[in-house]
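**Q** Respectively, the protein sequence lines represent chains A and B.
Under my numbering, read the first sequence as residues 1 to 298, first letter to last.
Under my numbering, read the second sequence as residues 1 to 444, first letter to last.
Hint data in this document are derived by calculation from the structure and do not stem from the laboratory.
Don't take every hint at face value.
Think about it this way: if two alpha-carbon atoms lie no more than 30 Å apart in a straight line, the pair counts; the simulated DSSO-like pairs of lysine-lysine are [to be verified]:
no., chain 1, residue 1, chain 2, residue 2
1, A, K193, A, K173
2, B, K291, A, K193
3, B, K29, B, K419
4, B, K419, B, K295
5, B, K212, A, K184
6, A, K249, A, K235
7, A, K193, B, K113
8, A, K248, A, K184
9, B, K106, B, K419
Partial pick of chain A residues on the chain B-facing surface, computed with a CB cut under 7 Å [what the hints assert, rightly or not]:
no., residue
10, G106
11, L174
12, K193
Even for Gly, the Cβ is constructed at its ideal location relative to N, Cα and C.
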Amino acid sequence: MLGLEDLTREEIELILTTAESFKEVQTREIKKVPALRGKTVVNLFYEPSTRTRVSFEVAAKRLSADVINIATETSSVKKGETLIDTGRNIEALKADIIVMRHNYSGAAVMLARHVSISVVNAGDGWHEHPTQALLDIFTLKEKVGHIEGLNVSIVGDIAHSRVARSNIWGLTKLGAKVLVCAPKIIIPPEIEKMGCRVSHDIDDALKNADAVNVLRMQFERDEQAAFPAQLEYFKNFGITQERLAQAKKDIVVMHPGPINRGIEMSSGVADGANSVILEQVTNGIAVRMAVLFLVAQA
Amino acid sequence: MKLLIKNGRVIDPENNIDQIRDILAEDGKIAKVAQNIRNGADKVIDATGKIVMPGLVDMHVHLREPGREDKETIYSGTRAALKGGVTSVLAMPNTSPAIDTAENIKLLKCIIKKTAQANVFIAAAITKGRLGQELTEIARLQKEGAIAITDDGASVDNAQLMQEALKLAKKENILVICHSEDRSLSARGVVNLGLTSTRLGLRGISRESEYKRVERDIRLAEQAQAPVHIAHVSCQESIEIIAAAKKRGARVTCDTAPHYFSLSEEAVLGYDTNFKMNPPLRSADDVVALKQGLKNGVIDAIASDHAPHTENEKDIEFERAEFGVVGLETELAVAITELVDTGLLDWLGLAKKMALNPAKILGLNKGTLGAASDADIIVVDPAREWVVEKEGLISKSKNSAFLGKRLKGQVEYAILGGKIASKNENSRHPRTGKISQVAENLRA
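Bound-form chain A, shown alone (with noise of 0.2 Å):
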């Protein structure tokens, strides 16, 4: 499971059914399954992360997998191990899965060419991030009942975003309209080619909106290149509760998180009647339940 690029719709839509019914397990009191009892999942994070990390912790605990967390900073990455080694030494374990953050784009794809256990892309430089974007879909779906011909924008730092570019593979697959919207600086060459449509008017990113799904600006990022000022680009593309008052009544607001509250939106809007962010939270858990369930019967 390296991204929604290499997935069909019905790939795609055989997880987000499958998530549905690992959400209902959610509201038991007992919130835990049998499914994989006797896996072992290995959580191998090159990149500090907490909500995805704990997300995938709790998804393989819930389907009774046992966990191992591994992070750079305790591993023998330090003593200059490399990737392919690493990935061989877990399938030497035994494991069935690994779920591997990296900074580095295509990382996934190379350990998965090395092992012969599965491997699910937790993160991958600014490739793909194929479980937040299915999350994403998930909670949309949710809350619209539909995902074909809904127009979603995608705003915020496209260029360094796998979040971007998991969306709009996987929202695309499944018959939504996608654009992207932020200054030119930030917007990838040929974008438009994945099959998106481009906009630098936050206005018009949200006026036919259904959704829009608000990406991190990463100021802190170690970058050459220029990248917009934090006042200005909140001035000309942050999300406020008076932008979204042009919009659709009901569009939906999401974010990956963490948020930057006063800089990609207001307070106003994270917390508001539209704002489905901490649902996406919730839901990420039932999908990654069942990425992990499907991959491990795969």
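Let chain A serve as the given structure and place chain B on it in line with the hints.
**A** Chain B only, in chain A's frame:
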């Protein structure tokens, strides 16, 4: 020592010969090219049905010695060269230490004398340590035997320094070869900038980073009235700039590498680092433009940019992996498959791009089968198909962009100074039909 090659289809671009002929080599030189030569030769090669052409002159090869003998050595690299039909190489100076002093050239010449299996010519650095800060002593480097200067792998960013280098090169009659890249524009990129970099989430190398520097380097050379050679041209705009410069009379030549005219950026979509090189593989339109440039003569030469790297440096995360691919053993077959077999170039055209033109650009008495020239000759089976496999490559490094590809055309003999220097014996496995290769090196 007399060597007679009989009944081959002789391709000699300098004398415009494409006919069935015999060739007699005597005392290291071509003695005679004619029909039915009857002469008591010491050794006769029957070349019936084979192509007999000048040994290839590859003007862009990284032999890695001194310093990185784990990647390649002069011995292993020149063996690989002969296997691929390359009898002369120009060794790039980005070794460790860089070839930036007369003493380093002396050291290099010593290793070449002891171990080289093919002709090795030396390119020295333009700036000390190839750092772009301070010029090398170009006159001394030339006197010690360097036939070109280049900071290959890097461009001399400082235009005034580059201008100075071109003036000195002109004075010392030494060729300047440009790796044309503006690093402020290619900033940390690893693949072509465009849909591919966007899809893969990788930093892109813009076309501007190449062609703007090509333009600058040509203009500086024109001002200095020095000849200049642009290495590894990869995009359409560079070709257009070079075509325009040639038209106005600039003394500019250029080459491209087989991977640029046979592969496009789509090859990188699986993050296979054997498709990571600098400049990067460009778009399908660029591939068309490069082929056109080869056909219409804007691109003078084909060079491999043979860049061996160990598995440890290649089989890692894409962004961390080294740039470059090996090419000595595949360049001729790729060119035959992509250019001759498709009718884009005829054999004479191919021999020009891979032997005569690079020899002329470098001022070498090679690339020709004319009487009294060096008897560096290859015998090629043009119909033999083979599959590129790691196990079959004799270079120390296996980072080929053509692994698994079926290619046409295989070198049977490489003759160096009138002597058989390498002979490839191929046999098809009787059961599997798989072609195994035995490269027999006669001088080893």
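**Q** At a threshold of 7 Å, is the proposed contact between G106 of chain A and chain B supported by beta-carbon distances?
**A** holds, 3 Å
**Q** Mind checking the CB of K193 of chain A against every CB in chain B and telling me if the closest is under 7 Å?
**A** Hint on K193 of chain A: holds, closest Cβ of chain B at ~5 Å, below 7 Å.
**Q** Need the status of pair K291 of chain B, K193 of chain A: alpha-carbon distance at most 30 Å?
**A** Holds - the C-alpha atoms of K193 of chain A and K291 of chain B are around 26 Å apart, at most 30 Å.
**Q** Checking one constraint from the list: CA of K419 of chain B to CA of K295 of chain B, max 30 Å. Satisfied?
**A** Given pair K419 of chain B, K295 of chain B is violated - Cα atoms ~33 Å apart, limit 30 Å.
**Q** Hint check: K193 of chain A vs K173 of chain A, CA-CA at most 30 Å. Holds or violated?
**A** holds, 14 Å
**Q** For the hint on L174 of chain A, does the least C-beta distance to chain B fall short of 7 Å?
**A** violated, 19 Å
**Q** Given the hint that K249 of chain A pairs with K235 of chain A, does the C-alpha gap stay at or below 30 Å?
**A** holds, 22 Å
**Q** Between K212 of chain B and K184 of chain A, does the CA-CA distance stay at or below 30 Å?
**A** Roughly 23 Å between the alpha carbons, so the hint for K212 of chain B and K184 of chain A holds.
**Q** Tell me if the straight-line CA distance from K193 of chain A to K113 of chain B falls inside 30 Å.
**A** Measuring from Cα to Cα gives roughly 55 Å; hence the hint is violated.
**Q** Straight-line Cα separation of K248 of chain A and K184 of chain A no greater than 30 Å?
**A** The given pair, whose Cα atoms are some 25 Å apart, holds under the 30 Å limit.
**Q** Going straight from one Cα to the other, do K106 of chain B and K419 of chain B come out at no more than 30 Å?
**A** holds, 27 Å
**Q** Tell me if the straight-line CA distance from K29 of chain B to K419 of chain B falls inside 30 Å.
**A** Holds. K29 of chain B to K419 of chain B sits at ~10 Å (cutoff 30 Å).
In the structure shown, a violation is registered for the earlier hints numbered 4, 7, 11, in ascending order.
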